[in-house]
Each structure stands twice: as C-alpha cells, then as structure tokens.
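Please arrange chain B on chain A, whose structure you already have, making use of the hints.
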Amino acid sequence: MNWTMIVFKKEWREMLRDKRVKKAMLFGPIFSVVLMMMMFGVIFSSVEKASKTTVYVVKGNRDKAVTGFIDMLDKGGMKVIDIDSVDAAKKGITKGDVRLALDFGKGMAASLAKPEPFILNAYYDPQEQKAQIALSVVEKESGMLSEGILKSILKEKGVDETFIKPLSVKRNEVKVGESSSSQFLVQLLPYFIVIWAFFGALSSASDLVSGEKERQTLETLLISPAPRNQIAIGKLLALIAASLTATSVSVLAIFVMYYLKLPFLQKVFENGLGLTLSGLFVIIITLVPTCALFGSILLAISSYAKNTREAQTYLSQASMFVTMPAAFSQIIGFTDFAQSEVVYAIPILNTANVIRNALMGRYDALGIVITISTGVLIATFAVWYSVKLFNKETILSRI
Amino acid sequence: MVRTEELRKVFVDGKRGEVVAVTGATFEAKEGQILGLLGKNGAGKSTLLRMLSTVLTPTSGRAWVNGIDTQVDSSQVRQQLGFMSASTALYGRMSPREIFRYFGELYGLKGNQLTNRMNELIEKLEIGPYADGLCDKLSTGQKQRVNIARTLLHDPQVLFFDEPTSGLDVVMSQDVMSFVEDERKRGKTIIYCTHIMSEVDRLCDRVICIHDGELMGQGTVEELKAQTGKDTLEQAFLSIVGYKREVLA
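Protein sequences, first through last, are from chains A and B.
So in the numbering used here, spot 47 of the first sequence is number 124, and the numbers just go up one at a time.
So in the numbering used here, spot 51 of the second sequence is number 474, and the numbers just go up one at a time.
Extracted from the complex, chain A is given alone in its bound form:
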C-alpha cells in the first residue's frame, strides 16, 4: 500500500485550506515580486524623469548662444521657465518648486566666438538626487557644445578635429551568454526565487509534525499501520510541493509582469526577460534539489521540536541561515567569488549563483553538477535525520 501518497494528499489538502500557508505559498511570492518590480520601475522612470525636469533660467541677455543652449535643453525634454533673478531662483529651489536654476549672465555668444572661457552658473541643492541628475544633463550638453566649438576652431586652422581626443576608449561588448536579462533582474531574481523556495514552505512546517504533537493527532497517525518512514516521506513531499509552488509562483509572477508590458516596467525589462528555455531548464533542475533540501530541513526541525512555539523559534533561526547566502548572491557579481568553483559547494548560494548565471545566459556544467550534487547530498542527510527522528520514541515523548 502506498501510505506515502495517502499522507501526502492529506497534508497537501490541509495546506491549501490554511490561510497562512496560502498567503506564504501563493500571495507572498506574487505580492513581493510585483511590489519589487513596481518599486524599481518607479525608481527607473523617476531617474528618467529627473533628466526631463523643470529648470529655471534667469532672465537676461538672450543672445544666439543662450537661445541655442536653451533649445538643446528643450529638445532633451527639459522644461525651461524664465525667472527674474538669481535670488528668486534660489528661493524656488529652497521651496522645492524647481531643482536646478541656470544663470547665463552676459555675453555668452561673444565669449564663445572669440573664444574665451565662459562661466554658466548652475544653482541646485547638492543633497537632492534629482538635481544631480538634471545637472549632469546640463553638463553633458555644455560638454557637447564646447566640443563642437573646439572642432570648428580646429577645422578653421586646418588641424584634424580628431586631435580633440588624442586617447579614447572604444567599448566592444563581448556576447558571453545566449541572451541576458537586465543587470537589475540578474541581481535580484536569484534572491527572490531562492528565498521563496524556503519561505513558501516555512509556514506549514511548524504545523506538520510539531503541530500534530501538540494537538495529539500524531499518536493516532502512528498507531495506524502506515510505517513511520512512509509517513515522514509523505509529509516531506508536501513540504517540497509547497516550496516548489512558492518558487514557481515567484517565477510566474515575473513572466506575467514581463508580458503585461506595463510602461513603467520598460526600463526593468529593457533587455527583455533574457531567460531562454535552456536557462529555465537549468533553473528548474537546480531548484528541485534545493526545494528538497529546504523541505527536509524544515521537516527535521518540525520533528525535533516539542511544540509549534519551539518549532517556530528554530525555524526563524534557520531562516537567517537561508537569507544570508541568498542575499550575498545579489552582490556576488562585484566579487571574485562569482567565477569561483568553491561557490558551487556552498548550499543556497550555489543555487542563487546558478540562477544568476542562467539569467545571464551562462551555463557552467561543472558548477551545475556540483550544485545539484551538494543539494541532493545535504537533502539526503536531512531526510535520513527526519526519518530517524520519526522512528524514535521521542517523537511523542518529547511533548
């Protein structure tokens, strides 16, 4: 008789009826992914808007050069408003009406024609990030204007204009992977996918064995003819299913957000999703042993704990050990560890790193094998320990 499947079906049914589990397994991943995307979408579009912000220009002599410069800012998306004086402009900045004010002074056209140095005064609040962005746009425009003037002077004097930049760097991108997600997705998605593989099953774990001890339903189950190892495996399968569901939902939420093509998410998905079929396959085969690992750790904790309160204490401590390596995966690209084989032997971090690489279209076969093997090895040990706990008398007498 297949007692494992009987226990699994019952546990799974109960999980789906538990509001806390549903929140953690379904709504949690969706909510967090959507919130994260929206948050970064808003940040990216705000940065873009900052370059198209309103700028005060102090009234004064509007010669040809000033008009030309203002036209350039206008074409770049900036809204230019005239203001009476520098003091009035400063007041506007203090009040927050505007983030940047420009004072062209007098004789810009004449100075540029001679040519002699001309100072364009920019007023801004240095603590205001959007002002910094607007200022960088103005500096870029003035740099281009200066370069244009210099080129024409050189041309007049018969000097090759390329002498403006005797040394320059040419960027040549080397395509490493099949396709790549944006840097933002590469940094954040592995963390989210791994975290939800753990937290998706966390809320049901304490109920599964320690909850049964507390309610005294475990004894009735142990008195049934079902062998204890089959009961343990049935419960483990339910936890793995919860873990896989939560992590799949988080991936699915990303797909949905991508295909919705929301305007404020354009920057987030500027390189597309960057996830190929082979990438998806690698993520799945890496996640399955990771979910098994999480499931077996959660089951072992739940089996060891005397009651749900004790289980929840241990589970919150365990969540720290999962969160930390997962969080490290966000900054691993800035370190030498990203390319190190050692990373693949570190549980959780290895999964996050394989997912990160898959999102960049990179597949390190050895790394994937080490990651899966490490996950399977530790999961096997944790399953063995859980089953051992189940077969001990203390599963009941530690109450």
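The set of hints was computed from the structure by calculation and includes no laboratory data.
Yeah, the Cβ is synthetic: ideal placement off N, Cα and C, and Gly gets one too.
Watch out, some of these pointers could steer you wrong.
Below are the EDC-like pairs computed for lysine to aspartate or glutamate, each with C-alpha atoms no more than 16 angstroms apart in a straight line [claimed, not checked]:
1) A:K167 <-> A:D180
2) A:K172 <-> A:E205
3) A:K86 <-> B:D559
4) B:K547 <-> B:E604
5) B:K463 <-> B:D592
6) A:K167 <-> A:E218
7) B:K453 <-> B:E428
8) A:K469 <-> B:D436
9) B:K653 <-> B:D635
10) A:K136 <-> A:D95
11) A:K96 <-> B:E586
12) B:K560 <-> A:D161
Just so you have them, the derived chain B footprint on chain A, three or more residues with Cβ under 8 angstroms [as the list claims (entries may be wrong)]:
13) 109-120
14) 400-410
Covered by chain A, per the in silico footprint, the following chain B stretches (three or more residues, Cβ under 8 angstroms) [claimed, not checked]:
15) 475-481
16) 516-529
The following block gives chain B in isolation, referenced to the frame of chain A:
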C-alpha cells in the same frame, strides 16, 4: 485477545536518570470482555497502552495482540487495533467524512467497502448533520463521536480506550460508554483506561489496579472488594495502592 509477559518500560531522562514507567506487567485481556486499567494520573496506564499499540518499544518483556508479537510484526498489530483517547484532537481543516476517508485508506479500506463503512458509522453515531463541515467548528461532544467513528472505522478486533470520557459532559460520557458496551457485545477485546471508579463499576469485566508502574492487583470488581475487605471499588483501589488515611483504617 491481548496477552503480556513481564512488560517493562524505562525512560532515560537527562535530569532524573532512569524512570521506570511500567514494570512486571503480566496480564491477559479476553475477547468479549472489557479489561479496566485503573490508576491515578501518571501511574503508567498510557505507557502500557502505547507499548501494546507499538508506539513505544518495551525495555523488556513481550506482548501479543491477537496472537501477533508486537515486536515482530508491529504493522500487523496496528492493523488489528483501534485506539481512542479523549485528548486526541481531530484535523481542524478537514471534515469528519474526509478524516474517515484518510484513516480508512491508511487502514487499507478502499472504494465501496470504505464508503459503506463510513456511511454506516455516520448513521450509527448520528454524525450526518455535520459530516461535511470542518472539524474546527464542531462541539466537544460532536468531536468525540467523530473520534469514536474513526476508531471503529476499520472494525478492529482489539480496542484501547484511554480515558475516553475525560472532559465530556454526563450525557456524552454515557453515550461513549454505551458504544464501548456495544463493541463488547460484538466480541471485541477491550482495554479501558480510567481513573473514574463509576465507569469501571459499570463497564469492566475485570480490573487491573496500576500504581507507580506496577500492577498491584487484578480480578473482577467483586474479587477486588473481597480481597481488600472493602465495600466500594474506590476503597478497594486505595487499599491496594497503599493509600494511608484513617478513613480506610
């Protein structure tokens, strides 16, 4: 039939060292009879039942349920058993019918056989009106009826009741005892743990007094009274376990 020989259970506690929960337990419970295990809280009654139901392994001694050695084929032993305790809860997010199906499948019942048995017990125990509602919403009495049905679902030959009326009102307690009596009539071997003398008086064909893990005396209620020279079972029990008060002198 249930038979034990010198059953002993010792727990090893980190602080207290070795704790003898049951020692030298030798007795026999026959078919069509109710054997009462009478003892105060912590006397070792539950440990004894747990050893018989194979949840705990005896430190020494042997036990047989329907002729099957509990340490040789524990799965077969459990197949023969029905166990009910007042403290056993139900799965709150499942309905009684779902719980019956779950335990029925665990005990190897399938298809029509399981459905018919479920319907039979739902009717007999008058569970019908709430058979499809969640167990979390049931009253204590309703839960106990569901518990009884779950215990009897696979029609076990041997039944263990561990203080089944604890926490129940008088009416429900009477109902539980009636069900126990019904099962005796059907020829089942029943071990009934309690510390309530009136229940022993009403139900038990034979009684074993257990105190600090030791079986202190066994026989019918009348035999125990005669052995101790007391008029009531309560006095007889207290005399057997060595309770010293002037009123007993």
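If you test the structure against every hint from before, which numbers come out violated? 3, 5, 6, 9, 10, 11, 12, 13 and 14
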